[in-house]
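**Q** Residue numbers (the numbering used here), protein chains in the order written: chain A, 8 to 374; chain R, 8 to 374.
It cannot be assumed that every hint is accurate.
To be verified - According to the in silico footprint, chain A covers these stretches of chain R (three or more CB under 8 Å from chain A):
#1 64-71
#2 85-93
#3 96-106
#4 296-310
Quick caveat, the hints were computed from the structure, so don't treat them as lab data. Ideal Cβ positions, reconstructed from N, Cα and C, are used throughout, including at glycine.
Here are the chains, one letter per residue:
There are 2 protein chains.
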Amino acid sequence: MHQGQELDLFHERGSTRLWIGPGAFDRSRADLGSWLKGRRVFVVTSAPVRRLHGRRLTAALEGAVSLVWLEVADGEDGKSLAAVEQVTREMIEAGGKRDSRLVTFGGGSVGDVGGFVASCFLRGIEYAHVPTTLLAQVDASIGGKTGVNLPQAKNSIGAFHQPRFVVSDSGVLSTLPREQIRQGLFEVVKAAILADAKLFALIEQRLAELLEGEREALSAAVEAAVAVKVAIVAADEREGDRRRLLNLGHTLGHALETTVGHGLLAHGDAVGHGMLFAVELARRRRLADQDADRMRSLVERMEPVALPELDREKVLEAMGRDKKARESGLSWVLPIRLGAAEVVDGLDPRDVEPLLASYLTGSVESA
Amino acid sequence: MHQGQELDLFHERGSTRLWIGPGAFDRSRADLGSWLKGRRVFVVTSAPVRRLHGRRLTAALEGAVSLVWLEVADGEDGKSLAAVEQVTREMIEAGGKRDSRLVTFGGGSVGDVGGFVASCFLRGIEYAHVPTTLLAQVDASIGGKTGVNLPQAKNSIGAFHQPRFVVSDSGVLSTLPREQIRQGLFEVVKAAILADAKLFALIEQRLAELLEGEREALSAAVEAAVAVKVAIVAADEREGDRRRLLNLGHTLGHALETTVGHGLLAHGDAVGHGMLFAVELARRRRLADQDADRMRSLVERMEPVALPELDREKVLEAMGRDKKARESGLSWVLPIRLGAAEVVDGLDPRDVEPLLASYLTGSVESA
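With the hints as extra help, turn the sequences into a complete structure.
**A** Shown next as structure tokens:
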């Protein structure tokens with residue numbers, strides 16, 4: 008049985024301590040207790056998460072003077088400036104101060120909006136992430152990216168604000184429906200392709216168990232994926248070339264989410280399509296057929312949802328508007344082999360467009 | 008004739024270059040030009056400032072590919088999350104990217120909201136302040152504090168985000184009405200009390216000319232006040248004890264603004280009252296009567312507007328809600344002598360309340 012894992016992520020303003028896996032709530036109790044002691048604590052969460060796991064969190068945060076629960080809508084709908092305004096107003100009303108604490112408790116969107124509130128409330132207060140979905144445990148909770156959406160573009164308002172603590176307990180994953188695990192696994196596969204061939208092999212071998220939420224397999228996968236992300240973020244906090252590796256599958260993925268419509272295409276599925284497309288792009292450069300086949304085969308076994316018919320021009324336009332785009336043009340993350348990838352800037356759009364056209368019409372396999 | 012001044016403020020992520028005084032636009036042109044070259048540039052401004060000085064800015068920013076003008080309401084009304092949403096939407100629509108540039112052009116409130124937009128647009132882009140009021144030149148443009156208001160509390164949503172450049176040209180001050188100069192001079196006096204007895208003497212001697220906007224006196228005062236603030240911020244970017252010195256007059260000042268109503272009591276007048284009150288508090292500790300008299304006399308010569316009748320309980324409550332307040336209680340900045348002050352935490356409220364009561368009823372002189 009896995010005993011779980013502790014990691015420290017060092018960044019420009021200090022460090023983040025992460026507890027991962029079984030018993031993370033228990034293992035973090037002493038450190039969280041002294042961090043919270045005598046403080047007002049604001050918990051940003053969603054109603055379903057509070058209902059399912061609220062008691063566990065209350066037990067874990069027993070050191071706080073008072074917990075103020077603040078609920079936002081689940082999913083991308085909750086990530087709005089209106090939610091930021093509502094939450095910060097309630098914090099002011101409840102006497103929030105600069106040395107108050109904030110805890111996000113939920114999936115990635117709750118973490119994103121809660122983290123952004125922590126970054127801008129009275130110009131920044133300390134906070135912790137307690138992620139309750141697989142996707143949030145392996146991705147959103149690590150690295151200090153916070154933000155909300157504008158109708159025109161996801162995550163277009165935000166900040167880099169590192170949490171002081173991350174508590175990713177396996178226990179809260181047990182209530183996840185299979186579909187949410189499947190969505191989260193796309194980011195685990197991304198981590199494996201980028202930097203951990205052993206993790207990739209584990210997913211290949213135990214995909215069925217993982218999708219069923221088998222606890223030991225899932226803990227092992229989460230710990231490995233977290234370690235990949237921590238290593239990349241620690242090397243490069245603010246999206247130089249190292250951190251941009253984490254955008255594997257996201258250049259196209261974000262554009263697909265925008266074009267299909269937020270909430271209509273899940274993030275994991277979008278990244279799944281983005282990775283399949285990146286593998287094809289990479290194959291045309293320097294990715295060996297054998298590794299490309301393994302990558303494509305695994306992503307396909309995870310069954311990314313079929314895309315509706317999409318206007319290629321709109322997808323291209325959405326890529327241009329994506330926040331990753333610089334004046335200098337789009338950048339792509341392309342696998343080199345299992346466990347290694349590179350960031351490529353300034354690909355000729357004429358090379359990308361035809362492949363995109365055939366991908367969107369589903370004929371990429373014969374391309 | 009003053010030749011103007013250049014200063015560099017070093018902070019944790021790099022440095023800010025400031026050009027102050029006569030000819031600042033001309034002196035900054037080359038550096039701004041290379042910073043803007045080939046970029047999309049967003050100018051956050053207000054309609055009156057654009058009308059009065061827009062051409063000068065266009066000339067100063069000649070290196071930009073395209074200028075996109077974004078207008079917000081002048082004054083505290085413009086400092087809202089609604090304005091942030093409107094400006095960022097327009098930036099997305101106009102193709103704003105991570106390496107686009109933002110320039111704030113106006114008074115302190117335009118700088119605050121524009122700087123906050125720069126801090127959170129795509130998680131942060133580079134920006135410059137071009138302040139056009141005395142208050143903004145000597146205070147708001149220096150130090151990287153940005154933010155907007157909630158109805159319940161000023162500056163309660165914001166970020167520390169240092170500008171890359173500050174261009175404080177004397178020329179734009181020539182259109183300022185006397186009243187705006189008077190408001191700005193309260194912050195100049197604050198700088199003098201904190202750290203520059205020579206500047207204090209200059210204001211004592213030339214107050215009438217300063218209020219009339221006499222160019223040479225005003226340039227000298229601006230340069231000295233900017234130097235005080237730069238030195239304090241460079242020593243301590245994020246409100247440790249050094250930077251908290253800048254709150255002289257603001258513990259009570261902010262509370263007065265909140266209680267009277269934003270827009271109904273000007274910031275300078277509020278800080279004027281806050282300084283008079285701090286001088287009285289300080290006199291009861293260790294400030295010599297002679298320096299206290301000089302401070303009070305100068306602030307009174309600047310004629311802070313009379314306060315309406317105020318409920319002392321409401322003022323106390325507003326002080327508790329001020330963002331400077333920590334769970335541990337209020338802190339006060341108290342002058343020790345001309346050119347030196349200290350931060351005092353945890354003053355007994357029983358010592359402060361009676362003095363506040365007599366100050367608010369106008370009987371402080373006999374206290």
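**Q** Each hint should be assessed against the structure and marked as holding or not.
**A** Quick rundown of the hints versus the structure:
1. 64-71: violated (count 0)
2. 85-93: Since three or more residues must qualify, the claim that chain A covers the segment 85-93 of chain R holds, with 3 doing so at under 8 Å.
3. 96-106: Since 7 is at least three, the answer is holds.
4. 296-310: Not satisfied, violated; 0 residues make the cut.
This entry does not satisfy hints 1 and 4, going by the numbered hints stated previously.
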